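Q: Sequence:
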Amino acid sequence: MTFSAPSGPPAVRPVTLITGATGGIGRALAHYLSPRHDLVLSGRASPGLDALCAELGAAALPLDLTRPETFEAAVTALGPVTNLVHNAGVVELGAVAAQAHEVWTRTLLINTAAPAELTRVLLPRVRDAQGMVVFVNSGAGLRANAGWGSYAASKHALRALADALRDEEAPHGVRVSSVYPGRIATEMQRKVHEQEGADYQPEVFIQAETVAATIAFALDAPRDASITDLSVRPGPRA
Numbered sequence: 001m002t003f004s005a006p007s008g009p010p011a012v013r014p015v016t017l018i019t020g021a022t023g024g025i026g027r028a029l030a031h032y033l034s035p036r037h038d039l040v041l042s043g044r045a046s047p048g049l050d051a052l053c054a055e056l057g058a059a060a061l062p063l064d065l066t067r068p069e070t071f072e073a074a075v076t077a078l079g080p081v082t083n084l085v086h087n088a089g090v091v092e093l094g095a096v097a098a099q100a101h102e103v104w105t106r107t108l109l110i111n112t113a114a115p116a117e118l119t120r121v122l123l124p125r126v127r128d129a130q131g132m133v134v135f136v137n138s139g140a141g142l143r144a145n146a147g148w149g150s151y152a153a154s155k156h157a158l159r160a161l162a163d164a165l166r167d168e169e170a171p172h173g174v175r176v177s178s179v180y181p182g183r184i185a186t187e188m189q190r191k192v193h194e195q196e197g198a199d200y201q202p203e204v205f206i207q208a209e210t211v212a213a214t215i216a217f218a219l220d221a222p223r224d225a226s227i228t229d230l231s232v233r234p235g236p237r238a
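Residue numbering for the sequence shown follows the UniProt record's numbering, starting at 1 and increasing by one per position.
Rather than coming from a laboratory, the hints here were simulated on the basis of the structure.
In this text, all values refer to a predicted model and were calculated from it rather than measured experimentally.
A portion of the hints provided could be inaccurate.
Claimed, not checked - Label-pair ranges, simulated between beta-carbon atoms: (1) Arg13 x Ala116: 22 to 30 Å; (2) Pro80 x His31: 18 to 26 Å; (3) Thr228 x Thr76: 25 to 33 Å; (4) Ala77 x Ala97: 29 to 37 Å; (5) Asp163 x Ala129: 15 to 23 Å; (6) Ala146 x Ala74: 35 to 43 Å; (7) Thr70 x Pro47: 16 to 24 Å; (8) Ala100 x Ala144: 17 to 25 Å; (9) Ala116 x Thr76: 35 to 43 Å; (10) Arg67 x Gln99: 16 to 24 Å; (11) Thr70 x Gly235: 36 to 44 Å; (12) Pro80 x Asp163: 24 to 32 Å.
In this text, a Cβ means the ideal position worked out from N, Cα and C, and glycines have one as well.
Whenever a hint applies, use it, and build me the whole structure from the sequences.
A: Now the structure itself:
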């Protein structure tokens, strides 16, 4: 017995915008989604961003996350956007007694204020598509440890942003999810270990591809489900 595909118009591919696209999670997510999504990849203007877009047939959206006031003009030429994945971020470890306000200001600007502004300017497009906003948070967004004050504060604020947005946008059919990964084998993690004075062993951490698959799971969930919060921790070791 053979089965034929149902007739009708072909499914419309979602358009997914990923910030921090050239980093570990962003790059892995772009590769994971590219067979099924049209991609807009955002990051600092660089040959690396151009090369990744050329490889995946994606559109480039260079943004300076320290200048949210430029976002509205930067997205003017964009077409439809179904999903927005906030993946970009920075971390600078240090005790509260040791970190100057410049570190706090930059961290909160890039990790919290920039996602809030990019969400604001893209919301009309996401509403039109009844799409989704995903915030790649951190375990630090659930609990703050010594030396992680500025970063954890920015991620706790990011969680508040996501929670408020979820309630506000539910009437428009927009879903909002926060993903809280543990330590991931990325260049950012290498930097963190340097700041901690510890050896970096990427094999003991979550792989970026695993987090990418988790984000894709939330994006691809059927419309009758809303995955609000996902924590991802390293699996047991033999």
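Q: For every hint, state whether the structure bears it out.
A: Hints versus structure:
no. : hint                        : in the structure
1   : Arg13 x Ala116: 22 to 30 Å  : holds (27 Å)
2   : Pro80 x His31: 18 to 26 Å   : holds (22 Å)
3   : Thr228 x Thr76: 25 to 33 Å  : holds (31 Å)
4   : Ala77 x Ala97: 29 to 37 Å   : violated (46 Å)
5   : Asp163 x Ala129: 15 to 23 Å : holds (22 Å)
6   : Ala146 x Ala74: 35 to 43 Å  : holds (38 Å)
7   : Thr70 x Pro47: 16 to 24 Å   : holds (21 Å)
8   : Ala100 x Ala144: 17 to 25 Å : holds (19 Å)
9   : Ala116 x Thr76: 35 to 43 Å  : violated (19 Å)
10  : Arg67 x Gln99: 16 to 24 Å   : holds (22 Å)
11  : Thr70 x Gly235: 36 to 44 Å  : holds (41 Å)
12  : Pro80 x Asp163: 24 to 32 Å  : holds (26 Å)
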